[in-house]
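> Read off the chains here:
Protein chains: 2
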Amino acid sequence: MRNKIKVVGVDADDTLWVNQPYFDDAEKIYASIMAPYISEENLLRELLNTQSRNIPVYGYGVKSFVLSMLETACVQSDNKINADSVQKIIEIGKDIFSKQVELLDNVDEVLKKLKESYKLILLTKGDLLDQKRKLRQSKLKDYFHRVEVMSNKAEDDYAAVFKRNAIKTNEFMMIGNSMKSDIIPVLNLGAYAMHVPYHATWAHEVAEENIDHPRLTRAKNIKSIMDIL
Amino acid sequence: MRNKIKVVGVDADDTLWVNQPYFDDAEKIYASIMAPYISEENLLRELLNTQSRNIPVYGYGVKSFVLSMLETACVQSDNKINADSVQKIIEIGKDIFSKQVELLDNVDEVLKKLKESYKLILLTKGDLLDQKRKLRQSKLKDYFHRVEVMSNKAEDDYAAVFKRNAIKTNEFMMIGNSMKSDIIPVLNLGAYAMHVPYHATWAHEVAEENIDHPRLTRAKNIKSIMDIL
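Residue numbers (the numbering used here), protein chains in the order written: chain A, 373 to 601; chain B, 373 to 601.
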């Protein structure tokens, strides 16, 4: 494979930097606000239902998350939630936006090394402005030939990216933590993938993890890419 | 100029299709929900203040608008606003997302004609997913060589677009309705611009309209581009 891959696609959230733990913490705070009305378990199940329903309209990201929390809060409190709690839920979102980016282990050195031999493309979804903020803070921007903020990461979306950037699928490898968003779609398109799971995964992103595929590599840390390329 | 311009950038909201009137209507509904607490005039002034404060965090678009409406509703009602009203405000946003795209006059024929001789680039800001939805509904997508959803439309943002697409500023003309976002930044970078004002302009976008500039053309309808290119 070493000689074949020319372009390496890299996911951002929970592949290059911490993301899901902020949402997990946010849900804890949300559950404490909602504790007078509903158990944490039931609340988070309802929130996930609301999010799944709203994502086709709102897309991914923090604002979408906050709007779904607010909607769920109204419904699950039987419209008893007060404005003070609404403000607190809005603040949960602003707190996530204000987090300083924390890079995961080995990310900087791996990208630096990869850039010497491959064209790197950052492929991320979520809020456009928020992803740009995180990229700027991360100081990783110069490693990337191109940054693509995608509204979704399904096969069609990857196919559009490949076309736009004149990427041949058999010369492309994707690195990411989400089987559903980073791995399965690119394998289905004929490209290569390396799955680096993260300890926290959003329920919406959970997919069958145990698939076997001749173009899939599994790794515990992003630095394993050095052993296969 | 005819022989010089090679790339034409086109704004989307209120240049290709109706946008601002939906927000104006939304604000009327919002004001009626908030009528027990504050006058429409004061409410909308406070909303604009909240939006201006939040845009650096939230960016542009419908979700940002809804979150700022909710925040303003809590504060301006002295936390008396109830969950029923919160749900109604969330619905205002969903209603905007569900609007069918309405093209402005002559847009389709002008783009069709321009595409024969120029590379067309759509340059829009707002929600990534929402802009993609509108572009798909508009059936204009095939006229564009590239679509750039920008998190902001300041000089730096245009400069990045020019670099990414290898566009020479003196071969570029931008068409748009907003002096602040579509015209002034590209003129400052050395490119050409055609201003086509729309009858409704968001207060946040209002800028000095009466500037004179040798590379600026003013028109009443997008079809005037045919007279100058």
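Certain hints may be false.
One copy or two, either will do: identical chains are not told apart, so a pair holds if it fits within one copy or between any two.
[Claimed, not checked] In silico DSSO-like cross-links for lysine-lysine, where the CA-CA straight-line distance does not exceed 27 Å: (1) LYS487 x LYS460; (2) LYS452 x LYS400; (3) LYS485 x LYS452; (4) LYS400 x LYS484; (5) LYS466 x LYS452; (6) LYS592 x LYS466; (7) LYS378 x LYS400; (8) LYS471 x LYS400; (9) LYS487 x LYS466; (10) LYS592 x LYS485; (11) LYS487 x LYS535.
Keep in mind the hints are simulated off the structure, nothing from the lab.
> Against this structure, judge whether each hint is valid.
Quick rundown of the hints versus the structure:
1. LYS487 x LYS460: neither (43 Å within a copy, 50 Å between copies)
2. LYS452 x LYS400: The answer is both: 20 Å in one copy and 26 Å across copies each meet 27 Å.
3. LYS485 x LYS452: neither (55 Å within a copy, 57 Å between copies)
4. LYS400 x LYS484: Result: close neither inside a copy nor across copies, 36 Å intra and 53 Å inter.
5. LYS466 x LYS452: both (23 Å within a copy, 22 Å between copies)
6. LYS592 x LYS466: Answer is neither; intra-copy 32 Å and inter-copy 41 Å both fail.
7. LYS378 x LYS400: neither (43 Å within a copy, 54 Å between copies)
8. LYS471 x LYS400: within (17 Å within a copy, 35 Å between copies)
9. LYS487 x LYS466: So LYS487 and LYS466 fail the 27 Å test inside a copy (34 Å) and across (42 Å) alike.
10. LYS592 x LYS485: within (18 Å within a copy, 54 Å between copies)
11. LYS487 x LYS535: both (21 Å within a copy, 20 Å between copies)
The structure does not agree with the numbered hints 1, 3, 4, 6, 7 and 9 stated previously, though it agrees with the rest.
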